[in-house]
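Trainee: Sequence:
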Amino acid sequence: MSEGLDIKLACMSLMWGGDLSNEEMPAWIDDVSAAGYAGVATFERVLVRFIEETDFVERITDRGLSLVSVDLVIDRDFDRVNRVCEVMQQLGTKHLVTIGGLAQKGADMNEIGDLLNQIGEIALTYGVRACFHNHTHHTGETLEETEELLHKTDPAKFFGFLDVGHATKDFVAQPVEQRASIFLERNWDRIDFLEFKDWCEDSDLRTEVGAGDCDYESVFRILKEKRYSGWITVEQNGPTGDKTPLECAKASRDFIRQGLGV
Numbered sequence: 056m057s058e059g060l061d062i063k064l065a066c067m068s069l070m071w072g073g074d075l076s077n078e079e080m081p082a083w084i085d086d087v088s089a090a091g092y093a094g095v096a097t098f099e100r101v102l103v104r105f106i107e108e109t110d111f112v113e114r115i116t117d118r119g120l121s122l123v124s125v126d127l128v129i130d131r132d133f134d135r136v137n138r139v140c141e142v143m144q145q146l147g148t149k150h151l152v153t154i155g156g157l158a159q160k161g162a163d164m165n166e167i168g169d170l171l172n173q174i175g176e177i178a179l180t181y182g183v184r185a186c187f188h189n190h191t192h193h194t195g196e197t198l199e200e201t202e203e204l205l206h207k208t209d210p211a212k213f214f215g216f217l218d219v220g221h222a223t224k225d226f227v228a229q230p231v232e233q234r235a236s237i238f239l240e241r242n243w244d245r246i247d248f249l250e251f252k253d254w255c256e257d258s259d260l261r262t263e264v265g266a267g268d269c270d271y272e273s274v275f276r277i278l279k280e281k282r283y284s285g286w287i288t289v290e291q292n293g294p295t296g297d298k299t300p301l302e303c304a305k306a307s308r309d310f311i312r313q314g315l316g317v
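Heads up: the sequence shown is residues 56 to 317, going by my numbering.
Worth flagging that the hints you see were computed from the coordinates, not collected in a lab.
Since this is a predicted model, take the numbers as computed values, not measurements.
Do not take every clue at face value.
Restraint-style ranges between C-beta atoms, simulated for each label pair [as the list claims (entries may be wrong)]:
hint: 1; residue 1: 313; residue 2: 107; range: 37 to 43 Å
hint: 2; residue 1: 282; residue 2: 211; range: 17 to 23 Å
hint: 3; residue 1: 106; residue 2: 163; range: 32 to 38 Å
hint: 4; residue 1: 297; residue 2: 207; range: 24 to 30 Å
hint: 5; residue 1: 77; residue 2: 209; range: 17 to 23 Å
hint: 6; residue 1: 279; residue 2: 165; range: 33 to 39 Å
List of simulated lysine to any residue pairs, SDA-like, C-alpha gap at most 20 Å [as the list claims (entries may be wrong)]:
hint: 7; residue 1: 279; residue 2: 256
hint: 8; residue 1: 305; residue 2: 160
hint: 9; residue 1: 160; residue 2: 197
Glycine is no exception: its CB is placed at the ideal position from the N, C-alpha and C atoms.
Hey, can you work out the whole structure from these sequences and the hints?
Mentor: Here it is as structure tokens:
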């Protein structure tokens, strides 16, 4: 707790592998627990396989971890949306993070906005809140594009999100250190979920939180002032240098604890 803030941290599977194999799953769960996180996050395609083929649910339960969010590639397969949301409902997972897929550079913003509203409406029937992941080379790469797409969604059906690392990398019209905090200040009334990540030219998005160009002091200040509560996912696109995923996950966790007090 920090000044009354009720925030918990989850760790995304990406640092251990983009399409984490069944054999790699136990090490990810063990590392997340050892690094001091309270939850995990992964991709829809990985989650479905884990549930069908491994003891994933038993492992996170044994370690007291929650499945916090699931990343879903954007398409018009609404049966798939229903299936993953049903699984999320069973596990108490609240955040469906839509990403990529049909939302590529040059896509029609109105069409993508309408599609996101449809996904969001389905998700809500399961008690799940859908949001959109800003990302390099996708619709919503820059701050302006991300805002435009957010404004084309219905706030009653679809919720706001920011990947702080991608914002730091991609919101190029703003000063690099303040790119994420500018978006948060301008769009706070829509923010429902966050992903902490960092970026610098040397290690790109394989950068521990606090070791890159983002001014996390400003981000932390905003979260304290706005009384953010709930989950935040921490992600890194791979280990930094010759460090292990556990070492990187712990470094990010320690930095957040020191700066945000959670």
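Trainee: Does the Cβ-Cβ separation between residue 282 and residue 211 fall within 17 to 23 Å?
Mentor: holds (22 Å)
Trainee: Given the range 32 to 38 Å, decide if the beta-carbon distance of residue 106 to residue 163 lies inside it.
Mentor: holds (34 Å)
Trainee: Does the Cβ-Cβ separation between residue 313 and residue 107 fall within 37 to 43 Å?
Mentor: This hint holds: roughly 40 Å between Cβ atoms.
Trainee: Taken at face value, is the distance from the CA of residue 197 to the CA of residue 160 at most 20 Å?
Mentor: Cα-Cα ~11 Å, so holds.
Trainee: Taking the Cβ atom of residue 279 and the Cβ atom of residue 165, is their distance within the range 33 to 39 Å?
Mentor: This hint holds: roughly 37 Å between Cβ atoms.
Trainee: If you check the beta carbons of residue 77 and residue 209, does the distance land in 17 to 23 Å?
Mentor: violated (38 Å)
Trainee: When you check the alpha-carbon spacing of residue 279 and residue 256, does it fall within 20 Å?
Mentor: At roughly 29 Å apart (the allowed maximum being 20 Å), residue 256 and residue 279 break the hint.
Trainee: Straight-line Cα separation of residue 305 and residue 160 no greater than 20 Å?
Mentor: Not satisfied, since the Cα-Cα distance of roughly 35 Å exceeds 20 Å.
Trainee: Check the following: the C-beta atoms of residue 297 and residue 207 are separated by a distance inside 24 to 30 Å.
Mentor: Violated, since residue 297 and residue 207 (Cβ atoms, about 44 Å apart) do not stay within the stated range.
The structure fails hints 4, 5, 7 and 8 (numbered hints given earlier, in ascending order).
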